[in-house]
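Peer 1: Here are the chains, one letter per residue:
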Amino acid sequence: MIIKPEPTLKDLQFILEENRIKASDLLEMYRRMVLSRYFEEEIKRIYNQDKNPFNMAVGLIRGEMHLSIGQEAIAVGTLYNARDEDVVISTHRPHHHAIAKGVDLKKLAAEIFGKVTGLCRGKGGHMHLFDKTKNFACSGIVGASFPQAAGAAFAFKYLGKDNVAFAFAGEGASNHGTFFETLNLASSWELPLVIVIEDNKYADSTPKSLTMATTFHYQQGLANNVLSYLVDGMDVVDVYITAKKAVEKARRGFGPTLIEALTYRYVGHFEGDTEEYRSKEEVEFWYTVDPIRRHENRLLKLGYADEDKLNKIKEEAKKEVSEAIKFAIESPLPDPNEAFVGVFA
Amino acid sequence: MKIKGIAQAIANAIAQEMERNDRIVVLGEDVTYWGAVFGFTQGLFEKFGRRRVIDTPITEQTFMGISVGAAAVGLHPVVSLMFVDFLGAGFDQMFNHMAKNYYMSGGQFPMPVTVITAIGGGYGDSAQHSQVLYSLFAHLPGFKVVIPSTPYDAKGLTVKALRDPNPVVIFGHKLLTGLPFLPFEGTEEEIPDEPYEVEFGKAAIRREGSDITIIGVGLMVHRSLKAAEMLQKDGISAEVIDLRTLVPLDEDTIIKSAKKTGRVLIVDEDYMSYGMTGEITFRIQSKALKDLKVPIERLAVPDVPIPFSKPLEEAVIPSVNAIYEKAKKLV
Ligand SMILES: Cc1ncc(C[n+]2csc(CCOP(=O)(O)OP(=O)(O)O)c2C)c(N)n1
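Chains A and B, in that order, give the protein sequences.
Residue numbering for the first sequence follows the working numbering, beginning at 1 and increasing consecutively.
Residue numbering for the second sequence follows the working numbering, beginning at 1 and increasing consecutively.
Next up, chain B with everything else stripped away, as it sits in the complex (with noise of 0.2 Å):
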């Protein structure tokens, strides 16, 4: 079938596994009507009810909670967190027990939890609405971390976390849903009709390329591509990595590709410090920097919150021409 964006992708995946498995739920804030507001849920509710797709009260750190006590006794939630940013309403349920508990109980108790939660600025919706935050998902153990940037990982990535023991945590970035009320920068493909699996920390290479390596996830691929674009106008050749999970992360993928550039980029929506770019540009060092022609260099939020005004939003998340320009000044 053919299909715009990963909204639509994630929600179709859901349908098919709810249908295979009638251990799965569905629960969040407006979950049936808006489908999570960013359609990750859409459809849903009219499929399978009120028994399986459940309206929460504005109760994150309730329904996380629930989640993970349905959870422990055998069912599998797939939760909506509406915006990643409001992760702080629940953040207790998520990290000291969704993410520690097989652990602490010795492996008893696994912890099958969804959890699809939007991220992303570019439409003025300001600090408290635009935030992506996967590094702080990534850096407690116990997540599995996944960033869909198509359609088919979109849906194979989502059959994948229905079928862990683990807690998944799906960031759809909203730029990528394919929503009418919201600018496009993701691509339409023809996906299977049927259910399938896309492995966990397998990188995808986006475009092969010669002279520089640039690493992203999510709306960046989308962002790097086109940048990648304009500098094969300009007679360079650059390669750009889907890393699809941060946890698991693949690193041979990047290795590989960091020794054959020697130049590496990362470009990152989220915020520079102690995140993404910093962990993957030291796995890289540890491993290719005799192989490295220059230093690594990073593109992300400058560790600001993201400004309401359009001119300091552009300012902020990194644009394909900055890509573009950081990247040319590396070759």
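If we strip away everything but chain A, and leave its shape as in the complex, we get (with noise of 0.2 Å):
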């Protein structure tokens, strides 16, 4: 387990400082990260509450659900870089980055719920969330976020714009070929693509030692003349200034980054595991550099923030949470004759 230490609040105003980052910079992510706790969170009680016995196809949000409680740092330091017309392919796992893109939350939630309001009309579902006023799209197939970020960090090149693609993906994820295939292919042809993978140390219920020969992903970046970096993921600041250093260098014209970021996740891989495949323990250090109390911190720190103004942001963000779900409930289902069409442009 490999966390930075805290750095002391004359380190940390330096980094700030030489980093241009503002107190208002701070205070939105600070903004974006609660946002998707709170909204992950209120999935995640929705989704439980009407399944006892635990059964996936029943209650008001059905199928499996993968949620990114404590992965936030890394969808909000990252896409805190990024425009709209910025392409972000996500995974499996895609709710912290939608919500960090600036995904409209009510058509997120609603399309959770299958709602005709939702982002895709109810046909995508939680795993497959596609929002083209954000530019933002995932897919439940794992390996499959690499090439098609590659594919649009390829056509900005084409069309001389300086925009950069994102692909989120899993450790588990790295194994793929796609992974290697694109890293090679993205160096080769210089793309504007940052590639981002959040090493939450399981995939499914595998740990990563019992299935990956390297412990770190940014060799593989480097074995393809890739500029790779480690970061903490649990660090917002950490995240954001290395991925602000990719993406710059992606819009002008110097080719791709990976970025490896160490993580974890607070909760199951899907909603009904019953994580026996890792200890307490485990689990309860991980908690203690929980990205958002840690930011929290250091706001409190710097003076950016005294305790008034987090909850106030909090419950702001809890507000608008409580509506988006609100409005994703009081939604009607499609019509089931929507099923039928749509399958050509």
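Incorrect hints may have been included.
Unchecked claim - Residues from chain A shown here face chain B by an in silico Cβ test under 8 Å; the list is partial:
hint: 1; residue: Gln49
hint: 2; residue: Pro53
hint: 3; residue: Ala57
hint: 4; residue: Met127
hint: 5; residue: Ile141
hint: 6; residue: Gly143
hint: 7; residue: Asn175
hint: 8; residue: Gly177
hint: 9; residue: Ala203
hint: 10; residue: Leu210
hint: 11; residue: Met212
hint: 12; residue: Ile329
hint: 13; residue: Leu333
hint: 14; residue: Pro336
hint: 15; residue: Phe340
Because the hints were derived from the structure by calculation, they are not lab data.
Being a predicted model, the structure only gives us computed values, none of them experimental.
Here a beta-carbon is modelled for each residue, glycine too, at the ideal position from N, C-alpha and C.
Dock chain to chain to rebuild the complex, using the hints, since each chain is given by itself in its own frame.
Peer 2: And the structure:
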């Protein structure tokens, strides 16, 4: 387990100044992380409340549910550097990326509830979120994000745009051939691509140590001449600063970057997972470096916010979440006939 | 022993064959802790350890290729393709090598590989996790295609697969597994403790009838049986045939039944076009056309990806009611 030591106040101030990070930036990152956390906690509650005994087919939210609680700093830190036109390709665990990219929370919620008002009119569901206005997409197929993001990056380069494509994936996904094939291709073609590996230690129930010969994914990037970084995924500032370098480099035409972010998912692989494959102590340890609490402490230490201000941000996030959930619950289901249309454009 | 659903029956068959044959190894994603998620390999790790029950990285292409290579030098891999939907990530090794090497090598390299995969929707898992896709495999020469619908068959067909020198793909429907986190539409039944084989290419007549033949596999057998009960109340006697294997296909039983009833409905949870329903229709018309009283009908997923939202999903996967309505119109 590698977590960078907490910088002293002086070091932190220096880091922020050097990277021209303003108080307002840090507060906005905080807000987005909190929004993501509350949103998923609410989804978790509703998903489980009507599943006793546990049955995936019933309830307000059906099917599998993969939550990213604990991994918010990576999504927010990375995508704080993104513009709307930049492309994000996410995974089966997509909510934090969607929220960090600014996808409409109401439509996001409604999609998860299978409502016609959802991002994809109820056809996609939680693992298949698409938002053209934010250039956001994801896939339930592991390893699918790498080449698709590279494709978007290729198009940006071809069209002479200074946009960037982001591929998010878990450490498990980095076993997939698509990862190595994309690294090679993106490097050869110098594509404006940022690959972010969220190493939360487990692929389903399988610990990384059992299936991977490498400890560090950044080494796999380096083997393909891709500039690669290892960051503390529980520290939004560390992620942000590294992603900023990667994004600026990509926008200027200097090719791809790989960011490996160490993190942890506080919840099971999917809701219903009994998690006996990992110890309570391990989970507890990672709570001691909770990205949100850590950031909160820093904001206080730096004097960028007091308790009142943080509470206000939290209250507003909670309100936004409950409005989104309310919208989702109150929205109508799609008409069954809708199932038969839309295969072709 | 009493067994609820097909998952435990399949795992039981693998365990017994592993005891008999130490060349059998099990591999795939999460085959240890989660028993390949849908329970098909449950308990094997505890019994046989990591030497024979191995979690692979998420590398479908490569572990399918590993199975091809290992089978060529004498092992019998049982390989899990967690959801059939993930087949795209490993298909080349399967359809260009696993299915063809025996033929291409002029019979030098038998390919004893058993692939076990989960199929089906009905619980809101959307377009990339709810497909059935067995017709793709049945279309490719070289695969045997097995779709058990009862615990008895699940065990017997799995034992048969593990004694077969060819690649056999076993498709287990999620709603028949008997796992607590999914709806269950299967059966609980007493099955023999000892290993036994169920022949490939022998359909089961699950219900005898005289007015109409309903043909299906997997979950659709159970839904067809329920529909047949409803038809009975209307005075219609439906015969329900469970094909059990698509390759080899028991043409005789189908033709005989079609000749007897003169009316055929084929029910499929796979996509409609270019699939099982078309294939069976062709075979019936070629051998029993003059016995048919009405054109053959079919019910299948209407060539759309399985949508997420409940009313949409219910609209595309054949339901008991849809089978009943369609069958009734034929008589
Ligand atoms: C091609 C493919 N193979 C297998 C799966 C099943 N599956 C879904 S998530 C997952 C584990 C992914 O682990 P990782 O990439 O580390 O992401 P995490 O879940 O930890 O966020 C697996 C094996 C899949 N969805 N797609």
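Peer 1: Of all the hints given earlier, name the ones this structure violates by number, lowest first.
Peer 2: 1 and 12
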